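Trainee: Position chain B against the provided structure of chain A, taking the given hints into account.
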Amino acid sequence: MKDAEIVLFFGTTGMLLLTIGIILFTYLYQRKLVKKQLEFKKIEDLLKKQELKSAYAMLAGQEKAHKRIAEELHDNLGSILVTLNMFADSLQNKKDPQAQKELAGRISEIAHQANETTRQISHSLHSGVLKHFGLEIAIKELIEALNGSDAVAVESHVQITSKLSSDLSMNIYRIIQELVNNTLKHSKATKITLDLNQIKDQLSLIYSDNGVGFVKEQVINGLGLKNLESRVDKLDGTITIESKPGQGTTTIIEVPVS
Amino acid sequence: MTLVSLINSLLRLSSTYSPILPLGIFLYSMVFSKISRINRTYQPIIFYIIFSFLSDIISLQWRIEGNNYLIIHIYGMIQFICLMTYYQKSLNGKSKTCLSIGIAYTVYYILNSWLIEPLNTFNSHAFSLQSILFIILSLLYFYQLYEKVTNFFIDQSPDFWFNTAIITYFSIALFSFTMSSEILSGPLPWAFHNLGNTLKNALIAIGIIMLWKKVKLTSKI
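Those sequence lines, one after another, are chains A and B. Numbers 1 to 258, taken from the working numbering, label the letters of the first sequence in order. Numbers 259 to 479, taken from the working numbering, label the letters of the second sequence in order.
Chain A with its partners taken away, still in its complex shape (with noise of 0.2 Å):
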């Protein structure tokens, strides 16, 4: 082989070869990134579709209390107010000081009975949202769709021993889900481990990935933690937050029942 050849055999294998590894570095970087970017979009929708679904029990909550409500008003308050106006036109009939006095107690009784019934509805329409937006349920729901991504897996522990007040409930919730996004958006996390613990009247969070965590300092002012603090601060509670890069991160979250 002449020396022309062997420059011209190699400098053209070498070119190819330099093509081809350039070709496939650009395809198969941007392969992942669209990956990402899809496997992120498909998170983004089950998170938005399971906050949509609580807002959709919350409001047919609320919408099952009204109509409890209506009921309530028309068939049970409703009555008390009638005969409350007939023993009151009565009342002004009568000319003997003992049927008068014996009317007067019976209208003082019956709104009695009227401001009873107003309470019970009261109660009713505030424990109703309560019910139909168990926080229980709603992280189960949540857990679900996350493992169903199959982005990350989830271990979780929920004990919740007595009625959480609708506030305390939806800022658990928002928190859990506060802890979720930052970890799907950031950590590159597979694992994810909830635990909910309610001891006596302290309700206990340990929230824990298995990301590639960060210097604290670096995200101190990020939105993310700013709004876990600020809900914590509302319930009165407490935050801690253990990361370090490539070990994961630890949220700590107690918070008061009351």
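Hints in this document: simulated from the structure, not taken from any laboratory. Errors might be hidden in some of the hints.
To be verified - If you only want the chain A side, here are some residues facing chain B, beta carbon under 7 Å, derived:
no.: 1; residue: L16
no.: 2; residue: L17
no.: 3; residue: T26
The structure presented is a predicted model; accordingly, all values stated were derived computationally and were not measured. Glycine residues also receive a C-beta, built at the ideal position from the N, C-alpha and C atoms.
Mentor: Just chain B, lined up with the frame of chain A:
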């Protein structure tokens, strides 16, 4: 017939007739997808394939009768105009740079054919420079793909295949163009170039299939 000359003949044949593959697919897709016109970005690629095929056929005839360098000189210019027009449209924000390079190279090409490598010789310098230019432009396109995150897999993009074809062809042909005077006396003259040209046409054919699929999805190119 020796093995070397058989390989050489096969490569020459495949190089000459390989444009039939992308052209055939293009005509088939035109008929079956009922496309009346194609996107202006891709028009230069189609023209390039047509001119490539015509010049191969004409130069084959001229080579039998004698010297075909005049055809190669003309084809070199047409190839440059077609591909530069394609890059001017497909490289984002590089339109003016492509136009400037296009004008400068055209002036150089004419002067080179007139004064340095006349029409009765192979214009090795001009083709080598053209190869380097298109390798750089296709690399710029790949960099654009690397930087910009698309929401689809790039193997579905006709541009990815057209650029793969261009960079493959010019990378393989660069050394053949540069060393044209040495390889003409060797056992496999233009073998690498012919291999590159065949690969290029096959890759452009895949690009046209992707273009056709895109049309079927969007109803217009």
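Trainee: Now tell me, hint by hint, if it's right for this structure.
Mentor: Hints, verified against the model:
1. L16: 6 Å, holds
2. L17: Hint on L17/A: violated, closest Cβ of chain B at ~9 Å, above 7 Å.
3. T26: 5 Å, holds
Comparing the model with each numbered hint stated earlier shows that hint 2 is the single one that does not hold.
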